[in-house]
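> With chain A held as given, fit chain B onto it using these hints.
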Amino acid sequence: MKLLQTAAFSAALMAGSLGAFQAAHAAEMSIALNQIVQGLNPQDSNYNVDYSVANGIFERLIAFDGDMKLVPQLATSWEGSEDAKIFTLKLRQGVKFQDGTDFNAAAVKINLDRLADPDLNLKKHSLFKLVESVETPDENTVVIKLSKPFGAMINTLAHPSIVMQSPAAIEKYGKDIAKHPVGTGPFKFEEWVPGEKLVVVKNEGYWDPEWPKLDKVTFYPVPENGTRVSMLMSDEVQFVPILPAELMKRVSESDSYEVLEKPGISVWVMAMNMMRKQFQDIRVREAFNLAIDQQAFAQVVYGGHAIVPDAPLAPATQFHATQSPALSTDVAKAKELMKEAGYENGFEVNLWARNNSTEVRMLQFLKQQLSQINVNVQIVPLEGATRAEKLFGANLTPETAEFDMTIGGWSPSTGDADWHLRPVYATEGFVPNMYNLSFYSNAVVDKAVQDALETADPAKRAAAYAIAQDQIWKDKPVVWLAIDNALAGRKKGLTGAFPMPDGTMQYARAAYEE
Amino acid sequence: MVQYFLRRLFALIPVLFLISIFVFLFVHALPGDPARVLAGDNATLEEVEILRRSLNLDAPLHQQYFDFIGNILSGNLGVSLRTGEPVATMIGRAFMPTVWLALCALGWSVIFGLISGVISAVKRGSIGDHVGMFAAVSGISMPPFWLGLLLMQFFSVQLGWFGTSGFDSPSDLILPSITLGAGVAAIMARFTRSAVIEVIREDYIRTARAKGLPEKIVIWKHALRNALIPVVTMAGLQFGFLLGGSIVIERVFRWPGMGSLLLDAISFRDYAVVQAEILIFSLEFLLINLLVDVLYGLINPKIRYS
Chain A
2 MKLLQTAAFS
12 AALMAGSLGA
22 FQAAHAAEMS
32 IALNQIVQGL
42 NPQDSNYNVD
52 YSVANGIFER
62 LIAFDGDMKL
72 VPQLATSWEG
82 SEDAKIFTLK
92 LRQGVKFQDG
102 TDFNAAAVKI
112 NLDRLADPDL
122 NLKKHSLFKL
132 VESVETPDEN
142 TVVIKLSKPF
152 GAMINTLAHP
162 SIVMQSPAAI
172 EKYGKDIAKH
182 PVGTGPFKFE
192 EWVPGEKLVV
202 VKNEGYWDPE
212 WPKLDKVTFY
222 PVPENGTRVS
232 MLMSDEVQFV
242 PILPAELMKR
252 VSESDSYEVL
262 EKPGISVWVM
272 AMNMMRKQFQ
282 DIRVREAFNL
292 AIDQQAFAQV
302 VYGGHAIVPD
312 APLAPATQFH
322 ATQSPALSTD
332 VAKAKELMKE
342 AGYENGFEVN
352 LWARNNSTEV
362 RMLQFLKQQL
372 SQINVNVQIV
382 PLEGATRAEK
392 LFGANLTPET
402 AEFDMTIGGW
412 SPSTGDADWH
422 LRPVYATEGF
432 VPNMYNLSFY
442 SNAVVDKAVQ
452 DALETADPAK
462 RAAAYAIAQD
472 QIWKDKPVVW
482 LAIDNALAGR
492 KKGLTGAFPM
502 PDGTMQYARA
512 AYEE
Chain B
39 MVQYFLRRLF
49 ALIPVLFLIS
59 IFVFLFVHAL
69 PGDPARVLAG
79 DNATLEEVEI
89 LRRSLNLDAP
99 LHQQYFDFIG
109 NILSGNLGVS
119 LRTGEPVATM
129 IGRAFMPTVW
139 LALCALGWSV
149 IFGLISGVIS
159 AVKRGSIGDH
169 VGMFAAVSGI
179 SMPPFWLGLL
189 LMQFFSVQLG
199 WFGTSGFDSP
209 SDLILPSITL
219 GAGVAAIMAR
229 FTRSAVIEVI
239 REDYIRTARA
249 KGLPEKIVIW
259 KHALRNALIP
269 VVTMAGLQFG
279 FLLGGSIVIE
289 RVFRWPGMGS
299 LLLDAISFRD
309 YAVVQAEILI
319 FSLEFLLINL
329 LVDVLYGLIN
339 PKIRYS
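Chains as they are written, first to last, in our numbering: chain A, 2 to 515; chain B, 39 to 344.
Just so you know, these hints were derived from the structure itself, not from any lab. Relax, there's no trap hidden among the hints.
Only part of the chain B face toward chain A is listed, based on derived beta-carbon distances under 8 Å:
no. : residue
1   : I88
2   : M190
3   : S194
Note that the Cβ used here is the ideal one computed from N, Cα and C, for glycine as well.
So here's chain A without its partners, still in its complex pose:
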């Protein structure tokens, strides 16, 4: 009897403490990031992990929803002039920064002027080079004037780095602002132990009284994939925004956790260096496209969690235009084309990629596929920093480039066609300037990409980008490989925390279901 009582007592105790634990737990969330946070000034960062954390602390004028469609955030409406040189934004009223400073046109001007100032060396200055002046006709209106037409300006304003910082905090902290972020977001910065953890807490004065639902969010940098999953499975974190496909099963097989999957906007390609004689022949480029089975690629490399590209742009990117014919695999026809081009016995080429496990799998798969048309691929996996130097070294020229083929993935972080087609396929994008790894140069594409920037009219821009995509699809400067899905792991019952197609994540509207 005594024993029974003790057992009942301890069960009650456990239930009690469990209840208390859940109550405390309900208002908190922890997130395991795949990289360490570099800094908390998104305007001065090129890293998705920084943007991800900043998404709760700061807000942008215009933002993306989960499908990369533009939605109002601190601006409630916007319009561009016909010549794409003047952009007018109406601001949300009654918003305050977390330090009590008013959010208004003057605050926006201070932020945009800083971005446009080349002397400040902000990393995202490049997005604002064309800004000539920022005017504030009244408290709630901002007019941005550009020196040259730039039709992609609205999407540029939605880039995850273009956040609004408190002018008072900029004044107070100067260059140290990256350690003292003050924005208008639903969470305010509390503590950062670099390399270890970062904590944000509820902003009581948030402009939308419905939000935030959580009191505290803690971020842990956990580069090791297996450890991130273990932390999720032991409830130490409730959200893992970047989940490698090979560990997905561990999460999906459990009752308490779920896998979120969303098509990305990163298009993976194998670029062919068109300075090489062989790749100047369209028949060879076409044969390479026909020899590679994209469906099998998605299976081998991503365990099926990827889609086959149907245009140079990903479907979620603005102004994507589906192309025909769709990609197909036909080894016999590929062999025939190689024969016509005089390469019946194939040739030797090198293929560069990073040395991480995903890209090494790509290398092996592509080598095998191309051996079917007698092409002998020498695969070259490179350590990240070494690759960056060899591909983007300042003195690289098209004539001296050592690579024949390169694997590259490009994600247009403005969600707009311009920031994909221009860096990857326009002549001005030749490496090392941007990301044109094929040295592909076509006057029709260059003109269409430029035309699309001369207007802010979406219909005209769409028409120009359709021309560019059509030409690129015909010319095949790359072998299109895959668009991989963004995968994340999340505790069941948690909503509002999700991965974005551009590789960042959102948690500002996170909540536990009642």
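The following block gives chain B in isolation, referenced to the frame of chain A:
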């Protein structure tokens, strides 16, 4: 003795100076451009060049070395290229977690290794010896990240006894120090076993037995003490390595130590952090060597310093 110690300490200065040159050259000879890596993959060439100028990476190499050594002589380890944080602060934060982990790992593995090594040696050829040595070989061969993930899966995810990772309470030391010490314990066991086997054949052991000393005293006092010299050398070396922080284990267990810091710094080509860390590792090794030399004298009074 004190004089010997001081003389050895002063002799470290030119060695450290030479090391600083090697470290600097080695770090700068690594392929990869820090400005390029720090700017991020999507950066344009223009952004990279702006960053290079602002980080002073366009200065001539000898100038950069003099800045580096000048900083160190004035007691300043420089600032991180990546975050702008003082390197001394970063290392100050990472140092103690690694020291704790190294001490715990070394502590259990030396005790365990010594005992099992001696038992194996004494019962040579027995089943216990074979089992012990089998375990030791497994300990050496088991990839530490694998062992770490297995322990984490079993004790943290399924049983829920420990946190999976991080360093928030002393109990968080248990799993990583088991993982880190496994290899060391195995090495210590094998080393002790062969050293004791060698010593057991010596005349003075036979003498000790002949004069009727109990076997326990023969083994644990006479044999082990004489077998300790190579074992202490090995333990010292291992401690040096452990203090460097195990990159793999710190990464698996999200340990905020020197290994994690070094790995991040190397992948970002954060020259200032890499240089400072390697200099500190070298200094640690030199000091441990010195300490081991002093220990020799304590273990074997026949060794005299002059």
